[in-house]
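Protein chains in written order, with our numbering: chain A, 4 to 375; chain B, 4 to 617.
Don't read these hints as lab results, they were simulated from the structure.
Heads up, some of the hints might be wrong.
To be verified - A few chain B residues that don't get close to chain A, going by computed Cβ distances all over 12 Å:
| hint | residue |
| --- | --- |
| 1 | Ser51 |
| 2 | Gly116 |
| 3 | Val140 |
| 4 | Gly176 |
| 5 | Val200 |
| 6 | Gly208 |
| 7 | Gly258 |
| 8 | Leu266 |
| 9 | Pro367 |
| 10 | Pro410 |
| 11 | Thr423 |
| 12 | Leu569 |
| 13 | Asp593 |
As the list claims (entries may be wrong) - To give an idea of the interface, some chain B residues facing chain A are shown, with a C-beta separation under 10 Å as derived from the structure:
| hint | residue |
| --- | --- |
| 14 | Gly312 |
| 15 | Leu389 |
| 16 | Trp566 |
| 17 | Gln587 |
What the hints assert, rightly or not - Covered, in the sense of this in silico footprint (three residues per stretch, anywhere, with C-beta under 8 Å from a C-beta of chain A), are these stretches of chain B:
| hint | region |
| --- | --- |
| 18 | 69-75 |
| 19 | 130-136 |
| 20 | 510-520 |
Glycine is no exception: its CB is placed at the ideal position from the N, C-alpha and C atoms.
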Amino acid sequence: MSRRARSRKAPRTGVDWFLTFLRVAALTVVAVGLLAFIAQEISTDNPFARWANPDATGLTGAQFRGLIVSGIAQGAMYGLIALGYSMVYGVLGFINFAHGEVFMVGAMTGMITSNKLADAGYWESNFIGSLVLIVVVSVIVCSLTAVIMERVAYRPLRGSPRLIPLITSIGVSFFLQNASVVLLGPAAKAYPDVPDWLKSKHTFLGIEGARILVILVAAASMICLWYLVERTKSGRAMRAVAEDAEIAELMGIDVNRTIVKVFALGGAMAGMAGILWGILFRSVIHTTGFLPGIKAFSAAVVGGIGHLGGAMAGGLSIGVAESVGPLLILEPLGVSGVSQLRDAVAFAVLIGVLLLRPSGLFGERLPSEDRT
Amino acid sequence: MNTTLPPTTGPQPEAPRAAPRPAFTHDWRRIARMGSVAAFGQVFIALSNMPVRLDERLIVKPVLSLGYLVLLILPFAAGYRQGHQIKRENMPVCAPGPNEVVGGFLCGLITGGGLSLLAVLVTHFDLREPLVNWSPVLLDLLSFSNEMWFAVVIWLAIGAGMGAAGGVLRLLGPKSHRVVVTMALAVAGAAVLESLVVDVAEGLGLEPLTDRLYAPRGGVAWPSALGLAAVSGLLAVLGRGRFRQARVRHAQMEGAQRTRANLGLIIATAAVLIVLPLFAGKLTNELLANVGLFVLLALGLNVVVGLAGILDLGYVAFFAVGSYTAAVLTAATSPKIAPEMPWLVALIVVVIITGLVGLFIGAPVIRMRGDYLAIVTLGFGEIIRLLFLSDWLSGWFGGSQGITKIPGAGIFGITEVSGTDPRRVFYLVLAFCVVAIYISWRLERSRLGRAWMAVREDETVAEAMGINTVNVKLLAFVVGAVLGSFSGAIFAAKVGSVFPASFLILVSIVILVVVIFGGMGNIIGVIAGSAVLIGVLGGPKQPGLLAEFSEFKLLIYGALLIWMMLARPEGLIPSVRRTRELRQQEMAQDAWLRGQVDDDDAGGADGPRPAVQP
Numbered sequence: 004m005s006r007r008a009r010s011r012k013a014p015r016t017g018v019d020w021f022l023t024f025l026r027v028a029a030l031t032v033v034a035v036g037l038l039a040f041i042a043q044e045i046s047t048d049n050p051f052a053r054w055a056n057p058d059a060t061g062l063t064g065a066q067f068r069g070l071i072v073s074g075i076a077q078g079a080m081y082g083l084i085a086l087g088y089s090m091v092y093g094v095l096g097f098i099n100f101a102h103g104e105v106f107m108v109g110a111m112t113g114m115i116t117s118n119k120l121a122d123a124g125y126w127e128s129n130f131i132g133s134l135v136l137i138v139v140v141s142v143i144v145c146s147l148t149a150v151i152m153e154r155v156a157y158r159p160l161r162g163s164p165r166l167i168p169l170i171t172s173i174g175v176s177f178f179l180q181n182a183s184v185v186l187l188g189p190a191a192k193a194y195p196d197v198p199d200w201l202k203s204k205h206t207f208l209g210i211e212g213a214r215i216l217v218i219l220v221a222a223a224s225m226i227c228l229w230y231l232v233e234r235t236k237s238g239r240a241m242r243a244v245a246e247d248a249e250i251a252e253l254m255g256i257d258v259n260r261t262i263v264k265v266f267a268l269g270g271a272m273a274g275m276a277g278i279l280w281g282i283l284f285r286s287v288i289h290t291t292g293f294l295p296g297i298k299a300f301s302a303a304v305v306g307g308i309g310h311l312g313g314a315m316a317g318g319l320s321i322g323v324a325e326s327v328g329p330l331l332i333l334e335p336l337g338v339s340g341v342s343q344l345r346d347a348v349a350f351a352v353l354i355g356v357l358l359l360r361p362s363g364l365f366g367e368r369l370p371s372e373d374r375t
Numbered sequence: 004m005n006t007t008l009p010p011t012t013g014p015q016p017e018a019p020r021a022a023p024r025p026a027f028t029h030d031w032r033r034i035a036r037m038g039s040v041a042a043f044g045q046v047f048i049a050l051s052n053m054p055v056r057l058d059e060r061l062i063v064k065p066v067l068s069l070g071y072l073v074l075l076i077l078p079f080a081a082g083y084r085q086g087h088q089i090k091r092e093n094m095p096v097c098a099p100g101p102n103e104v105v106g107g108f109l110c111g112l113i114t115g116g117g118l119s120l121l122a123v124l125v126t127h128f129d130l131r132e133p134l135v136n137w138s139p140v141l142l143d144l145l146s147f148s149n150e151m152w153f154a155v156v157i158w159l160a161i162g163a164g165m166g167a168a169g170g171v172l173r174l175l176g177p178k179s180h181r182v183v184v185t186m187a188l189a190v191a192g193a194a195v196l197e198s199l200v201v202d203v204a205e206g207l208g209l210e211p212l213t214d215r216l217y218a219p220r221g222g223v224a225w226p227s228a229l230g231l232a233a234v235s236g237l238l239a240v241l242g243r244g245r246f247r248q249a250r251v252r253h254a255q256m257e258g259a260q261r262t263r264a265n266l267g268l269i270i271a272t273a274a275v276l277i278v279l280p281l282f283a284g285k286l287t288n289e290l291l292a293n294v295g296l297f298v299l300l301a302l303g304l305n306v307v308v309g310l311a312g313i314l315d316l317g318y319v320a321f322f323a324v325g326s327y328t329a330a331v332l333t334a335a336t337s338p339k340i341a342p343e344m345p346w347l348v349a350l351i352v353v354v355i356i357t358g359l360v361g362l363f364i365g366a367p368v369i370r371m372r373g374d375y376l377a378i379v380t381l382g383f384g385e386i387i388r389l390l391f392l393s394d395w396l397s398g399w400f401g402g403s404q405g406i407t408k409i410p411g412a413g414i415f416g417i418t419e420v421s422g423t424d425p426r427r428v429f430y431l432v433l434a435f436c437v438v439a440i441y442i443s444w445r446l447e448r449s450r451l452g453r454a455w456m457a458v459r460e461d462e463t464v465a466e467a468m469g470i471n472t473v474n475v476k477l478l479a480f481v482v483g484a485v486l487g488s489f490s491g492a493i494f495a496a497k498v499g500s501v502f503p504a505s506f507l508i509l510v511s512i513v514i515l516v517v518v519i520f521g522g523m524g525n526i527i528g529v530i531a532g533s534a535v536l537i538g539v540l541g542g543p544k545q546p547g548l549l550a551e552f553s554e555f556k557l558l559i560y561g562a563l564l565i566w567m568m569l570a571r572p573e574g575l576i577p578s579v580r581r582t583r584e585l586r587q588q589e590m591a592q593d594a595w596l597r598g599q600v601d602d603d604d605a606g607g608a609d610g611p612r613p614a615v616q617p
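Just chain B, with the same shape it has in the complex (with noise of 0.2 Å):
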């Protein structure tokens, strides 16, 4: 499993690659492994209700929708992994060959024997009592509205389709395999993207462009499909490379030359970000108001997580306190005082309570070890939200009622923002958002968020460096409680009531998850995780882009929070340092694997010379 990480230092030696394997020699043990895995996350997923439910939106108009191709990834991917060899020292890697294909072949088919296996059960007995799932609708779905045995059949040839597919993928060779990816991904990007594309097109006046990309009822129309395949395609040929120099050149460059190049960077975003809502209607600029709260979240989880490596779980208290603070200020119908403050000014209220109720859960779990502090302060997160909802304070916050009919945000009188209006929402959270990341790019470069990494990395010798790793974390809790308060603030106005039912302890999950996913640590990367994850599958409450998914969206979080752990725990735009944290037993497995052959070669051990260049 964890064979798939990738290379982590600098370059790997080059093993040498011999000859393809001979087309029928296997590892027959592996390829029944891997298939019967598969078959079984095929199965799952069918149960699941997932295709059904996904059936109606469309990727390519007429021929495939997104049920379907959730059904087609596993065993493309189980074709695909099946070639995968592991490389080790000393050892030739077989170049790909026809043998890869058959193995994928073989893999898929089981993968495909899965859902035949479910299409012939599904006939025959009825399970529906324990699996809401186990019907009629599905063996439609699995059978295309056809014969049971028309159902087993074509998916053990889709299976094995997929499988060899895969196969052959692999043996594209590497630069193949980016463009290929590369028009995949242009395909499925413009079908997901599909409501903010014509959205925005409507905006600018673009509709015969959308009118002809998509057809009438969603999907992207084949021959569309077909042409954005070629043109991605196409750019992916002829910029191979490009982006890589680019990165490249931009990490070389020093001083001016560098801030130029950033400034132009950002001023290019920035352009993109505050004309783009101009141009979009309500539902984009609702989507992108959300997708800014959970950056401002995550901003605030990722001072406490990534850069002092505080595993926080109750992190929605903040949300919640900054919240109901906002709301009792604000509101004319909070139950106990009122005193109906203009929001600018509950804000600075809010930022003094949060930062106060960040030292108070602080200051007892502080000391305790990484593990146990995890669970102390999701304990802290459920008790607020607790308190929130109890008889006992509900004359202060109105219990499972809630706070209802909060005003907008009044700007200085010039204008108020409030849910009725997304498009000012997103560009207050915007304003907000860049409050927040120039604190945490401040931050992390100061003294201060030095301290935090040493401490991340070792307490006991941050402590013997003279640093007061007590109020060092006390003050990281703080940050990243008044960056979140934020975030609940603008939540309040924007929503125009506050209930203890929007705090559960999932919102705090799924912030880690949109962390750990971007990369903890890492700026770019957290505001990249909160764009995909929330963007795409939406927040705990809040629909994304695929609204289809919203019944899985919380299972995809799971499987992907394990998913990330299991492969690429640095995220996907990872920190330099954390990744060197998280990798230290391989990095230093890898040195001593280097030390110990270089040993060997000297004491002239036996076998051939190893093909380690220096």
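Only chain A is shown next, with the shape it has when bound in the complex (with noise of 0.2 Å):
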């Protein structure tokens, strides 16, 4: 629908001046703050600078580097996230929001192999050997919740009124964080130290290590999933359910099992994101799930919603934007203590997207019924 369309349809109300009003604040806020850094980066003493901010400081090339590929970092591991949100949104049509605990299953499983690896004295001798041992445990593990969550939860309530299964995976949500206080404890647990090599400052643009490697085992399991779903025949049937789940049915395709595949693949997803993150934080409580949930969720609309590509570039975005946001935007504003806003920048800029543009920016694919 056009905006041409929406206009003509129905006469401004209120509330649309509202909403007008909040687009061109939240863009102004946006700019000026931008305008400030920039002034800031010119110099210090501009009266433009010093207008908002006083005590601005503005930031080194090296500390902005530093910066975005963090962001980058920590996007790519929303963006892995994202995908499981994205795929179970193509295929059912509704949000699995339980799908961030099973991220935290991910990190958890990881956590407990490691250790057990390390008291073997495995992880020392052979570091990369054991990496792929947990990150192969820890996807089989998530993928099987993710299963078991469609089977129990989500299977029998197909057909009903959409709001039912997201209260569902509420409850379930709820149930995996809690379960893993009541069986783990609630205490955060460490990961084992990692090799110097993933902590050191590498010369090459002075970035962390581990970092580095986030990023690519992110791209490398994207490249595996997008083979997966274009190139194979099971692919070819998640897709063909995507798009209408009862002529797929028609066509000869085991929509419950392609649903289960898409289950696990997400989950297979999130458990890599899991490693990657106990990887890189090397710590991991049962609240760990939430907000990387959310902003995963945020970073699949984001990139449109049902769109894979989409998903990896929204985490992208999302995670760029809350490293660099309270930084390149509040910070110049005057705001203190912006490094507490980040999460709220990363719900902002989710709200901020559904307003300004709810489909996304690739546009979002959606299961035939919502289309209509």
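Once you've looked at the hints, go ahead and assemble the two chains, each given alone in its own frame, into the complex.
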């Protein structure tokens, strides 16, 4: 629906004016913040920079690069999680709110396996080998979690009003979080120490090795997933079910099995992201899944939900936005303690995207019943 | 799974009853599946530490603790469920017979096998590293402080016994069912309500009675448990059908007669609620006040979710805004501005500000699709908390330190209500609950309420009928926000301090569970839901009657939400319209089936004549 068509359909009401005001205000804040930032970068004595934030210091080039790269690494993880949201939405048309918790399960599994490996001394002696091992274990566990979730909680609800599975998935999310508390204890748990080459900053752009690893692994998984979905037979079945489940069934596709595969794939990606999270932050707690889950959902929406490449692109943009956004826009405006507002910025991006362009950057692909 | 659905349309056609199945003909895969699922759940419960933690809470003095009760329920349920027959059109339903008992026995045996296996594993392996409850204490509990082999045998036996008991219960038929269930509920209820009953009895001077009922250190003493079961069983036998009759009669009443009956009920309830706290101690009143606060919140969310059908996951934002506004306006220690208004004056400002916040949050999200709206409101809920927490606004709201030393709520200078006297808090909450109930009750039957329901059922059609959907939905948001802010303002005065940590997203989820559990869109249901869940299990931070559950209540809330959605999405006490919407598809299917059967009938289709009465 083009904007013109909408404006012709309904007269502008108070709500519309308010929305327009919000859009303009949001854009103004961003623009003024950016200008102030640029002014700062030119010279911190610049009156425009001083006007907003007298203590402005600006960023050095290296700091800025560091922020961008850490944003990309973070965003790559969001992208991996977002793939699960996007695929499930594409096929079933509901938001699997519990997907963030699958990611948490992955991080927890990685923590348990890697600590066991570290106890056995294998983690230090063969780091790459044990990394592969924990990835395999976590991917399997997460796929299983996602599949069981679908079987127990979502399959019986197919065809019910859309909000019902959403509420159920909130329940699943709550349950998984608290199951982790009662089974594994409420304290934050640490990953074993990683080798120095992951922690030290490399001459190449001055980035930590772990971040490079995260970006590479995420890219590799994305390519695998792309191959699976676009080039294999079951991938074609998934796309067919996403297009129109009923017709796909008539064409001889086993819809139930395809949906299980979709959940398994999404779970696998979340498991991968969980391990990457563990390697990067080396600590995991039962609430680990909540914020990344919401942000990954935002990423899926930003990229156009149901769109695989879009999910990854959305993830990267959310990651970069929350990493540089506070310093780029809020700090020059004189907001103090901006790093605390990272999450608020991520939510604001979500709200902003839904306000400005609800179909996302790449347009959304919706299941057939939503398109009409 | 979804075969547990109760019949949804009027009188279901009674399928013909066939002879019981032979005792040893079973769907073995079904038994194995159900048994292993139950065994898995059993092991999960055991590893979650629930039995160990709840072992201290006795139900029947020397015999049964809550810890063992949670382990006994699953094999029993599996054994009962195993005998369930799916009713199909034209298919005879087998009469229950020994088959059910044998099936239940086997099912329970498999279930018990899970714990037996766990006992063996706990003895031989050490998985304490990831699983915190993998401990000798657990083994001790499982083996009744005996050797490991004893645990293996005893749990197989207990499982099989409970499973068979489940089968026997199915054998008994619906009438004896009710008696058994009443007896079990009476004993369990007496045990759960122990502190409440003792407290009130003390106030009324009835200690001798409770001393006899309860054992000295908690739990119903076993002779009185037997007595209680006998009395309640007798009552159930005598009162068979009376309750339903009364309800039917009430439903059939009209005009003045109905008003009189309703008035009688209301006066009776009000009398109990006003008199009860006078005789109750501090703890009971505290509990009642907490329940009341959540009733207020749930009523507010009910307007948004239940009536207008907007899934608002950030409802805690309004609670937070209400609390913080009241705190800033009344507390002398408020960091930036401290007008130190009287509470009632502040309340007016609170209502205005929360209404505006409702508008501000509502306006951008109101056009979104339902599921996007849910996530975005969740985002707003979190943003509001993060803003209260941030250093940026700590000059106004104190950051993570919050605002402390908030004075109590002064009511026209007559009394001051603060957390030190929970009885007054309860009366204040009760007054606001009455207001909220009146508002929601009137709204539900107003033009606006009908518009909300129309929007909930089909937005496009509602719009075509001339309803301004945007304004109507915004109003729902604002009304919900204002009701939530009442609760927030009382909360601030009651607790005397507000911190961002009191307004986590999980508060929203708990309120949502309460509303869904009770029955979306039904005022009585929502109140009952809050009373049962918050009263027994407790709120996010507030302890309930079963304080031992505090570690597990969030887990239980999650499981409950899933289960309600699967088995009974309309809630415990459903609203009629809501049920119809949620079960639309099933009802259409039923209707279609009936039509289909009739068509076949007319065409002289093969097969026996279907047993469908018009």
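Results for each hint:
In this structure Ser51(B) is not separated from chain A by more than 12 Å, as the shortest Cβ-Cβ distance comes to only about 4 Å. Even its closest Cβ contact with chain A, about 21 Å, leaves Gly116(B) beyond 12 Å, as expected for a residue assigned away from the interface. Here Val140(B) stays apart from chain A, with its beta-carbon at least about 15 Å from theirs, past the 12 Å limit. Gly176(B), annotated as away from the interface, keeps every beta carbon of chain A farther than 12 Å; the closest lies near 28 Å.
Every C-beta of chain A lies more than 12 Å from that of Val200(B), the closest at about 30 Å, which supports listing it as non-interface. Annotated as non-interface, Gly208(B) keeps its C-beta farther than 12 Å from every C-beta of chain A; the closest such distance is 42 Å. For Gly258(B), the condition that its CB be more than 12 Å from all CB atoms of chain A holds, with the nearest at approximately 36 Å. Listed as a non-interface residue, Leu266(B) keeps its Cβ farther than 12 Å from every Cβ of chain A; the least gap is roughly 36 Å.
Chain A draws Pro367(B) into its interface by the beta-carbon criterion, the shortest separation being 6 Å against a cut-off of 12 Å. With a closest Cβ-Cβ approach of about 30 Å to chain A, Pro410(B) is found to remain outside the 12 Å limit, as its non-interface label requires. For Thr423(B), the shortest C-beta to C-beta distance to chain A comes to about 31 Å, beyond the 12 Å cut-off, and the non-interface label holds. Listed as a non-interface residue, Leu569(B) fails to keep its Cβ farther than 12 Å from every Cβ of chain A; the least gap is roughly 6 Å.
Listed as a non-interface residue, Asp593(B) keeps its Cβ farther than 12 Å from every Cβ of chain A; the least gap is roughly 15 Å. The beta carbon of Gly312(B) comes within 8 Å of a beta carbon in chain A, closer than 10 Å, and the hint placing it at the interface holds. With a cut of 10 Å, the hint placing Leu389(B) at the interface with chain A holds, because the nearest CB-to-CB distance is about 4 Å. For Trp566(B), the shortest C-beta to C-beta distance to chain A is roughly 8 Å, which falls under 10 Å, so the interface hint holds.
Among the interface hints, the one on Gln587(B) holds; its C-beta lies about 8 Å from the nearest C-beta in chain A, closer than the 10 Å criterion. Judged by the Cβ-Cβ criterion of 8 Å, the region 69-75 of chain B is not covered by chain A as claimed, because only 0 of its residues qualify and three are needed. Only residues whose beta carbon comes within less than 8 Å of a beta carbon in chain A count, and the region 130-136 of chain B has 5; three or more means the coverage holds. Counting residues of the region 510-520 of chain B whose CB lies closer than 8 Å to any CB of chain A gives 4, so the stated coverage by that chain holds, three being the minimum.
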